[in-house]
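**Student:** Here the protein sequences come in this chain order: A and B.
Take the first sequence: its letter number 30 is residue 1423 in our numbering, and every next letter is one higher.
Take the second sequence: its letter number 2 is residue 3 in our numbering, and every next letter is one higher.
Worth double-checking, as some hints may not be accurate.
[Unchecked claim] A partial selection of chain B residues facing chain A, derived with a Cβ cut-off under 8 Å:
| hint | residue |
| --- | --- |
| 1 | Y55 |
| 2 | L56 |
| 3 | A61 |
| 4 | P65 |
| 5 | R102 |
| 6 | F106 |
| 7 | Q108 |
[To be verified] When the alpha-carbon atoms are kept at most 25 Å apart in a straight line, the in silico DSS-like pairs for lysine-lysine are as follows:
| hint | chain 1 | residue 1 | chain 2 | residue 2 |
| --- | --- | --- | --- | --- |
| 8 | A | K1438 | B | K80 |
| 9 | A | K1438 | B | K111 |
| 10 | B | K80 | B | K115 |
| 11 | A | K1438 | A | K1459 |
| 12 | A | K1406 | B | K80 |
| 13 | A | K1438 | A | K1406 |
| 14 | A | K1470 | A | K1438 |
| 15 | A | K1459 | A | K1476 |
| 16 | A | K1459 | A | K1406 |
Keep in mind that the hints were calculated from the coordinates and are not lab data.
Being a predicted model, the structure only gives us computed values, none of them experimental.
In this text, a Cβ means the ideal position worked out from N, Cα and C, and glycines have one as well.
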Amino acid sequence: QVQLQESGPGLVKPSETLSLTCTVSGGSIRSTSYYWAWIRQPPGKGLEWIGSIYYSGSTYYNPSLKSRVTISVDTSKIQFSLKLSSVTAADTAVYFCARTLAAAGIEFWGQGTLVTVSS
Amino acid sequence: DIVMTQSPLSLPVAPGEPASISCRSSQSLLHNNGYNYLDWYLQRPGQSPQLLIYLGSSRASGVPDRFSGSGSGTDFTLKISRVEAEDVGVYYCMQALQIPRMYTFGQGTKLEIK
């Protein structure tokens, strides 16, 4: 059973960079066909895809966040990471990491981690 | 970009009664392989979303058969044959046609027990 766990600071100051890591267990991050994604959910609101990465390092970003987002993968550590720069209060959200496959849905999600942007 | 629109946004249902949620996409989700790339998720309060249905009508592992998905092209429906207390939460549809370039969720439909 694949498990994903987000980790990182729960509080980030405005204008700084939010950094989160997702550790994968129970499966290989090098599995072909799967994309590893970051998805966020502001308090009381819906789900927003941030971006995705393949184990080879190919990345795709939400156009609305593209200028501020960097997603990377470390296959040796079985981790992938999110960096979101120049954060504002609007970036306050629960951040989920997930394993995705177009033909099979987003079957595995992390538990989510709340990141609050505040001084 | 594909826009996903759900209705209703709020759905009160009595236990044992059926429920239906609609999802419309601004572009066809029918792939040339014949499958509709539309997923349904349930997010129970305080939990991560859970995959219910993928490819429009395929139930995910462990999902009760009271959940069913149907539709094609731009119009899709999630049906619950008999609502139970554990079905409370927010239901989201998501287009998977543009994965990995783009994932788009509907606004969500909040199901509550009457």
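**Student:** Please check whether B/Q108 passes as an interface residue: C-beta within 8 Å of a C-beta belonging to chain A.
**Tutor:** Hint holds; B/Q108 Cβ to chain A Cβ min 5 Å, cut 8 Å.
**Student:** With the threshold set at 25 Å, check whether the alpha-carbon distance from A/K1459 to A/K1406 stays at or below it.
**Tutor:** Holds, at roughly 20 Å.
**Student:** Check whether the Cα positions of A/K1438 and B/K80 lie no farther apart than 25 Å.
**Tutor:** holds, 23 Å
**Student:** For A/K1438 and B/K111, compute the direct alpha-carbon distance and say whether it is at most 25 Å.
**Tutor:** Holds, at roughly 11 Å.
**Student:** With a cut-off of 8 Å, does the beta carbon of B/R102 approach a beta carbon of chain A closely enough for the hint to hold?
**Tutor:** With Cβ-Cβ at 5 Å, under 8 Å, it holds.
**Student:** Go through the hint on B/P65 and say holds or violated, using the shortest Cβ distance to chain A against 8 Å.
**Tutor:** Hint violated; B/P65 Cβ to chain A Cβ min 16 Å, cut 8 Å.
**Student:** For the pair we were handed, A/K1438 and A/K1406, check the Cα-Cα distance against 25 Å.
**Tutor:** OK: A/K1438 and A/K1406 at ~22 Å, within 25 Å.
**Student:** Mind checking the CB of B/F106 against every CB in chain A and telling me if the closest is under 8 Å?
**Tutor:** With Cβ-Cβ at 4 Å, under 8 Å, it holds.
**Student:** For a C-alpha distance cap of 25 Å, please report whether A/K1438 and A/K1459 respect it.
**Tutor:** Between A/K1438 and A/K1459 the Cα gap is close to 21 Å, so the pair holds against 25 Å.
**Student:** For B/K80 and B/K115, compute the direct alpha-carbon distance and say whether it is at most 25 Å.
**Tutor:** This hinted pair holds, its Cα atoms lying about 17 Å apart.
**Student:** Against the 25 Å threshold, does the CA-CA distance of A/K1459 and A/K1476 hold or violate the hint?
**Tutor:** holds, 11 Å
**Student:** Double-check B/Y55 for me: the hint is only fine if its C-beta lies closer than 8 Å to a C-beta in chain A.
**Tutor:** holds, 3 Å
Hint compliance for this structure: hints 4, 12, 14 are not met, and every other hint is.
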